[in-house]
Amino acid sequence: MSDVALLPYADFLGIRIEGVRDGAPLLVMPFSEGLLNLQGGIHGGAISGLLEIAATAAIDATLEEGEDPRSVFKPITVTVDFMRPGLPKHVYACGRVVRVGGRIANVAVTAWQDDPDRAIAAAHMNLAITPPADKS
Amino acid sequence: MASGFNPASLLASHKTGHIVALGLRFVANGDDWCEFAIDYDRRLVSDAASGILASGPIVSLMDTAAGFAVWAKRGGFKPQATLDLRLDYLRPSRPGHAVTGRAECYRLTRRIAFVRGLAHDGDPADPVAHLTATYMLLKDEA
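Residue numbers (my numbering), protein chains in the order written: chain A, 892 to 1027; chain B, 474 to 615.
To be clear, the hints were calculated from the coordinates, so they are not data collected in a lab.
Predicted model only: the values in this text are computed from it and were never measured.
Among the hints, a few may not be true.
[Claimed, not checked] The list that follows gives simulated cross-link-like pairs (lysine-lysine, DSS-like), each with its CA atoms no further than 30 Å apart:
#1 K612(B) x K488(B)
#2 K965(A) x K551(B)
#3 K965(A) x K612(B)
#4 K551(B) x K488(B)
#5 K612(B) x K551(B)
#6 K980(A) x K551(B)
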């Protein structure tokens, strides 16, 4: 697995790489007040952001050393299911690359809090693969 | 204006949280829709070199606008939870531009609210993202 750098927005959310799980980066988004929605839970947008970042990190981890991941993958669609409320504590997420084709990469991601087998949210994401020479 | 739901006063009572941290601005609402905006912020980009806003803040913008659209349609700040959402990223937003997100609750049943929305960076006819979402309506604790 190559080194994975997270995007500036990940820093904004306080997300960091905690380790490796099933060959993909395991991400944690530590609890902070800035993640809360008006009802006292973790904002669905913040959970979605974590899922997207975990998805991108999972693909980055499959790249060869020296490739520039951020110029290669662009999000096309993201679909998120919310299964349980996000409680005011740490959220973990890990992606699984389903397929990297010639033009499209598909990644499945889950987020959980205490128990990896009790997901609070899951997403699948389709990303466009842009050849490094064509960064338009 | 929606009867019984005042987004401005609800937001004024919250000094912290994700909406405040991201700098989401309430723009306007009607009886079944709501509009928020997010100003361009270098901390929210996906790539320092390109300066393009990450997709994550757009999700938060649209999930917030959508949740408020449901409260507008329900006529008050009542418990609810996002059941699912899908966002189509139509094109990157232009660096330096604020992004505006408008969501409409087009159908309300006893248990579920259906919402659709669009985000744009200046021209509503040239959107950057399209949202479809559903919300579970929870019982009032009161």
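Hint check results:
no.: 1; hint: K612(B) x K488(B); result: holds (26 Å)
no.: 2; hint: K965(A) x K551(B); result: violated (36 Å)
no.: 3; hint: K965(A) x K612(B); result: violated (39 Å)
no.: 4; hint: K551(B) x K488(B); result: holds (20 Å)
no.: 5; hint: K612(B) x K551(B); result: holds (8 Å)
no.: 6; hint: K980(A) x K551(B); result: holds (23 Å)
When each numbered hint is compared with the structure, violations occur for hints 2, 3.
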